[in-house]
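So the protein sequences, as listed, match chains A, B, C, D and E.
According to the UniProt record's numbering, the first sequence holds residues 1 to 299 in order.
According to the UniProt record's numbering, the second sequence holds residues 1 to 299 in order.
According to the UniProt record's numbering, the third sequence holds residues 1 to 299 in order.
According to the UniProt record's numbering, the fourth sequence holds residues 1 to 299 in order.
According to the UniProt record's numbering, the fifth sequence holds residues 1 to 299 in order.
Any given hint could turn out to be false.
In this list, chains with the same sequence are indistinguishable; a pair is considered to hold if it fits within one copy or across any two.
Heads up, simulated DSBU-like pairs for lysine-lysine below, C-alpha to C-alpha not over 30 Å straight-line [unchecked claim]:
1) 141 - 14
2) 133 - 4
3) 132 - 14
4) 142 - 18
5) 132 - 18
6) 125 - 144
7) 4 - 141
8) 144 - 14
9) 284 - 101
10) 18 - 125
No lab work stands behind these hints, which were simulated from the structure alone.
Values in this document were obtained by computation on a predicted structure and should not be read as measured data.
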Amino acid sequence: MLLKQNLTLYRIVKLTWKVDLIMISLCALAYYVDIYLTPQVHIPAMVTTLMGTAMAFFIAFNNNQAYSRWWEARIIWGGIVNDSRSWARHLLSYTSDDENKTVLVRRMILRHIGFLYALKTSLRKVHDDEFKKFLSEEEAKKVKSFANVPSAILDLQADDIQRLSDLQLIDGFRFMQISGVLQNFCDHMGKSERINNTVFPTNYIYFTRLFIWLLVVCVTVTASENVGPWAIPLGWVLGFVFHTTHISGMAIMNPFEIAPECVPLNSITRNIEINLLQMLGESKIPAPEPTMHGGEYIL
Amino acid sequence: MLLKQNLTLYRIVKLTWKVDLIMISLCALAYYVDIYLTPQVHIPAMVTTLMGTAMAFFIAFNNNQAYSRWWEARIIWGGIVNDSRSWARHLLSYTSDDENKTVLVRRMILRHIGFLYALKTSLRKVHDDEFKKFLSEEEAKKVKSFANVPSAILDLQADDIQRLSDLQLIDGFRFMQISGVLQNFCDHMGKSERINNTVFPTNYIYFTRLFIWLLVVCVTVTASENVGPWAIPLGWVLGFVFHTTHISGMAIMNPFEIAPECVPLNSITRNIEINLLQMLGESKIPAPEPTMHGGEYIL
Amino acid sequence: MLLKQNLTLYRIVKLTWKVDLIMISLCALAYYVDIYLTPQVHIPAMVTTLMGTAMAFFIAFNNNQAYSRWWEARIIWGGIVNDSRSWARHLLSYTSDDENKTVLVRRMILRHIGFLYALKTSLRKVHDDEFKKFLSEEEAKKVKSFANVPSAILDLQADDIQRLSDLQLIDGFRFMQISGVLQNFCDHMGKSERINNTVFPTNYIYFTRLFIWLLVVCVTVTASENVGPWAIPLGWVLGFVFHTTHISGMAIMNPFEIAPECVPLNSITRNIEINLLQMLGESKIPAPEPTMHGGEYIL
Amino acid sequence: MLLKQNLTLYRIVKLTWKVDLIMISLCALAYYVDIYLTPQVHIPAMVTTLMGTAMAFFIAFNNNQAYSRWWEARIIWGGIVNDSRSWARHLLSYTSDDENKTVLVRRMILRHIGFLYALKTSLRKVHDDEFKKFLSEEEAKKVKSFANVPSAILDLQADDIQRLSDLQLIDGFRFMQISGVLQNFCDHMGKSERINNTVFPTNYIYFTRLFIWLLVVCVTVTASENVGPWAIPLGWVLGFVFHTTHISGMAIMNPFEIAPECVPLNSITRNIEINLLQMLGESKIPAPEPTMHGGEYIL
Amino acid sequence: MLLKQNLTLYRIVKLTWKVDLIMISLCALAYYVDIYLTPQVHIPAMVTTLMGTAMAFFIAFNNNQAYSRWWEARIIWGGIVNDSRSWARHLLSYTSDDENKTVLVRRMILRHIGFLYALKTSLRKVHDDEFKKFLSEEEAKKVKSFANVPSAILDLQADDIQRLSDLQLIDGFRFMQISGVLQNFCDHMGKSERINNTVFPTNYIYFTRLFIWLLVVCVTVTASENVGPWAIPLGWVLGFVFHTTHISGMAIMNPFEIAPECVPLNSITRNIEINLLQMLGESKIPAPEPTMHGGEYIL
């Protein structure tokens, strides 16, 4: 998540310099082809304007859907924060005091932090076994044998809920509340996977790119009649505006990537970890996730 | 679901070559009729622009609704994934240990995989009895006699939930949780059928097509005054832009069809099957659904 | 619900011929008034274009809201399908076997079909007592005395749920599940009534009509300067485009009307009836609702 | 709620005559200033068109949000209808027969009608004690001492639900169902208050008004170059179109006002009253709320 | 929340005077550069119009998302109002009469007011210990040691719910209802934090600002050809329209700030406090939150 209101010039140039160079070259090419090779060809302003209308639709559509994906991802992880707190609160407050309680409840809360690390790792498609810290060795080994590690951790949680019940530490009503939170984790996990694994319909992105190039050529050729070679920078400026809008959407289309614009899973996970460890009364609490590049963004 | 960022040229040409030929012919016809038969007719740019505005509405409307149908379909099947995992987890963790348990729970989890195959087959309107593998012969025969096979499989599941309860393997609270998941499957099934069986209002699609042709003729005639025969390729280019946008929406309008752009039911079903069989501790786990055409898409 | 991709020419002409005639007359009138009576009046293209922008807003707004009403109606009746299946499944699977069970459960399932017929009739504002077939004579007479017949049928269902409980055929947990489905029916009914009884804000429809006429006149007068009498067909073509878009929305604005474009209540009700009778093991199952006009639509 | 498809001329003139007069004066003023005082000033069509684009955004935005508020208000009161029926149905069907039952249940149902009258009065900000008819004198006096009367009535209902339980007329499961409906009433009430008390962001409405005036001046000045004094009526016509669109939204922005376009609380409340009294078997049932101005609207 | 329909001139000037001055200077600069330094450069109207189309998208997008954030924030705090009433109602009506009840229930209701103050303070990022008034000294000290104070208060509430249960003041069903409301508070809190801590994607805001400047320059240069130095005020007027629209959205983008346009947390919290103290039968009820600047807004 970007934290600062202003983009650094560095970031803009870094994002667009390649495309800017190609676009200026394309405009220049279009200009010289139009002037020297096909002087009889004109593109009336009406055609360029209609194409701009079609572009506006494409870009608005892509950005709207990209933002929806990004915001839905944020909502899901907001839900994970809420349910993580409920998970720990239910386990700590709603279980009868008993020698087994302390061990079992502590295990279930720590294991939940492990679940979050495993889910984060799986969504970001990195290999990282940090989740093992929060599970017993035997459990860690078992869950690694499953295709879906975080789901296997939830299976262990369900077994422990049943155990709480068998030990009569919770009654049926409390069972329902705690099991309901577990089912929420399963849903949050599945929703995150859905966004992560569903490619946005390729057509929309491909044709947006194609039509931006087409539009830039049209603008250059249309403008060349009135303003001569100044058509080249004008074509580029319009191309810059449309292209920048397009990549603003692309940057948040896959919100679980490890990128400055995406949902800050590291930071969210760490905050939950801090909350839960404090509730357990632990003395060693880790520091919040640091910001990157001098406070520019957080991962 | 298409997996690659770039469309192959093959796919674009395959999708549009017929329409492209017709459109170029239409532009040429419009041009020659305008020049040789009715030279006194002009279409002012204002009329063409207003028609373009109407088109922009139609195309944006169709695409937005198509995307909503596609994304809702994806959400429903995402929900099926989540509830399938909860189904197996509940059955495995929340039932008392007992000789009956192993048989009954295993039967209910396998039968659920059968339900998914039956639902997939019914949504895609193909004839395929793969679901029978996961039911006993007697059950398979019984459900085939019903108009709605997947619904009949859910009836068998409900009988078995009651059986779990009669055998005192679950109490009332666990009954509610498991029965709640079953009701979710019934809802997911009905929602999928709703999208599948509800034809998108015909008017919108029909008039979009009609008005694209109209617009192409207007553009050609309007442009011909300034640019002569170059109006023909210009008419075609604009037609290509609008038509391509239109078919991008059409391709995902009916998201359960067996097509590269649609919801990959095969792959989702197979992934659930793998998850559930692993939870049952089976040794023979099928491979994930392979991608098609060298990784271009998955069904 | 229209079933075919192409509208028949018959349907388009039938829908628009009156308006087409009026519109052509209006264009002709505007043209002759402009040319012969007020030749000094011009309408600049800028004014016509701005009016087109306002029109585009109105028409997009109306169509979006109309589609939302139509789709929400479809979702509600999709929910009725799902809950009807859950209703029968719960009653059949979750009740203890007993001599009373068969009678009571059968009565409640048949009465539910009666509820659907009564609701359908009430939404479509026709007089039709088909629902009586599924109730005892005494019950039918009783519910007819209420202002809201389907709601009175739900009251009978609630009495029978209590009866199931009194006879100890269901426990408290099953009571909650079955009663929850009954409450869903009450909600679905109320939501259908809300859409049916809430007139879409009159202003929007009235001014859309008014402004289409205004726009057609402006287009004709603006165009007449460049193209003479050809302004008349041009005005009509644009009017046709905008008017057609408008009536496409109007056709689905009140989605429970008995019209080809509306939600096919007959067909949905019949399908539920077939499902439920099969679940009851009935031998006499009615045929699905036939399509109309050679498969053009279904009611 | 307006009931007729056509607005009467009376209503349109009544709504707009003041603004129409001001607008024509403004256009005339702009015209004469432009011609006689500052003949050297022109406003190019491009500037006017861009301003029209900004206007289109503002007006679309306001209308969309206004409609959302109106439709959400209607949905909330639709939910009140549904839950009122469930409230009476649960109380009548799910309580054990007992001498106390008749008194208690009747009191709770009548008091609910009182709640609706109190809520309606509070939302419409009128002083009206009609709700007292449905409460005992003592209760009426007590609830009047609270800042929020309808909320105080709900407190009485909660006491009576507990009483039903203490008298063993309902068990825990039925308690949950009935208490759940009560919590829904609390939510519906709060949601209505939220819409009613939240002023739509002032900026949007203020600047829309300001910019409409600006646009009208621009149109008049731009048009005056081509069409002379005809610019005045043209400016007014465009102003009429934009202004009418604006006030269509304003009319439904605060949906609980006592106005023809707003949610018909009187009619909805009366219909619930009729339904509930019929369920109680009362003989004296009030007539439905009459329509106003010859069927033009209902309050 | 602004309360008045009209903005005071003071507020508009205060909001925009800096930008207005910069914008006029920029227009003047652009004009003189264009006329004296680069007289051969023209920007065709088509380019300016296309850039306006891109701007319209950006501004509509930002405003729509800003309004969604603002309205969601309002909905969340509306939900807090509703659940606060349910919280007090459940505690007062659904607990058995007992000497412990009065103490415990009163403590839980007062502590809830403390929760609201703590949450408000944390969302507005101010340091303020007003919440301590509603907790015992010991509790206040304990919750201050947690990273998230309001969440720690909820932990205390959960302990007291369990205590109610241990003292047999509530049964399992009432436990579920009250605990459900507590879980809602946890969700409302987390949702508020999500909106508050998630920076709106920086790109959209940054480029909107950049492109407004670009557009103003384009308008001035394009207009200068027809209207000479009048292009400067025209450029400024268009800039004012677009910029005002932009900052209208920005003002509500972070809806929990202490600003006139934002969600009035002070007022909402105070109203809940009044309601809850009245339900407790307290005699000392605080006055509602006063309006600011002579009724212009409320915080």
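Here's how the hints hold up against the structure:
1. When the C-alpha separation of residue 141 and residue 14 is checked against a cutoff of 30 Å, the pair qualifies neither within a copy, at 43 Å, nor between copies, at 50 Å.
2. Proximity of residue 133 and residue 4 under a CA criterion of 30 Å is satisfied in neither setting, with 34 Å inside one chain copy and 37 Å between copies.
3. For the homomeric pair residue 132 and residue 14, neither the shortest alpha-carbon distance inside one copy (38 Å) nor that between copies (50 Å) is at most 30 Å.
4. Taking the closest pair of Cα atoms, residue 142 and residue 18 never come within 30 Å of each other, the shortest separation being 48 Å inside a single copy and 56 Å across copies.
5. With identical chains, the CA atoms of residue 132 and residue 18 are never at most 30 Å apart, being 42 Å at best within one copy and 56 Å at best between copies.
6. For the homomeric pair residue 125 and residue 144, the shortest alpha-carbon distance inside one copy (15 Å) is at most 30 Å, but the shortest distance between copies (38 Å) is not.
7. Taking the shortest Cα distances, residue 4 and residue 141 never come within 30 Å of each other, neither inside one copy (42 Å) nor across copies (35 Å).
8. For the homomeric pair residue 144 and residue 14, neither the shortest alpha-carbon distance inside one copy (39 Å) nor that between copies (45 Å) is at most 30 Å.
9. Taking identical chains as interchangeable, the C-alpha atoms of residue 284 and residue 101 lie at most 30 Å apart only when both belong to the same chain, with a minimum of 22 Å there against 38 Å between chains.
10. Proximity of residue 18 and residue 125 under a CA criterion of 30 Å is satisfied intra-copy only: 28 Å inside one chain copy versus 42 Å between copies.
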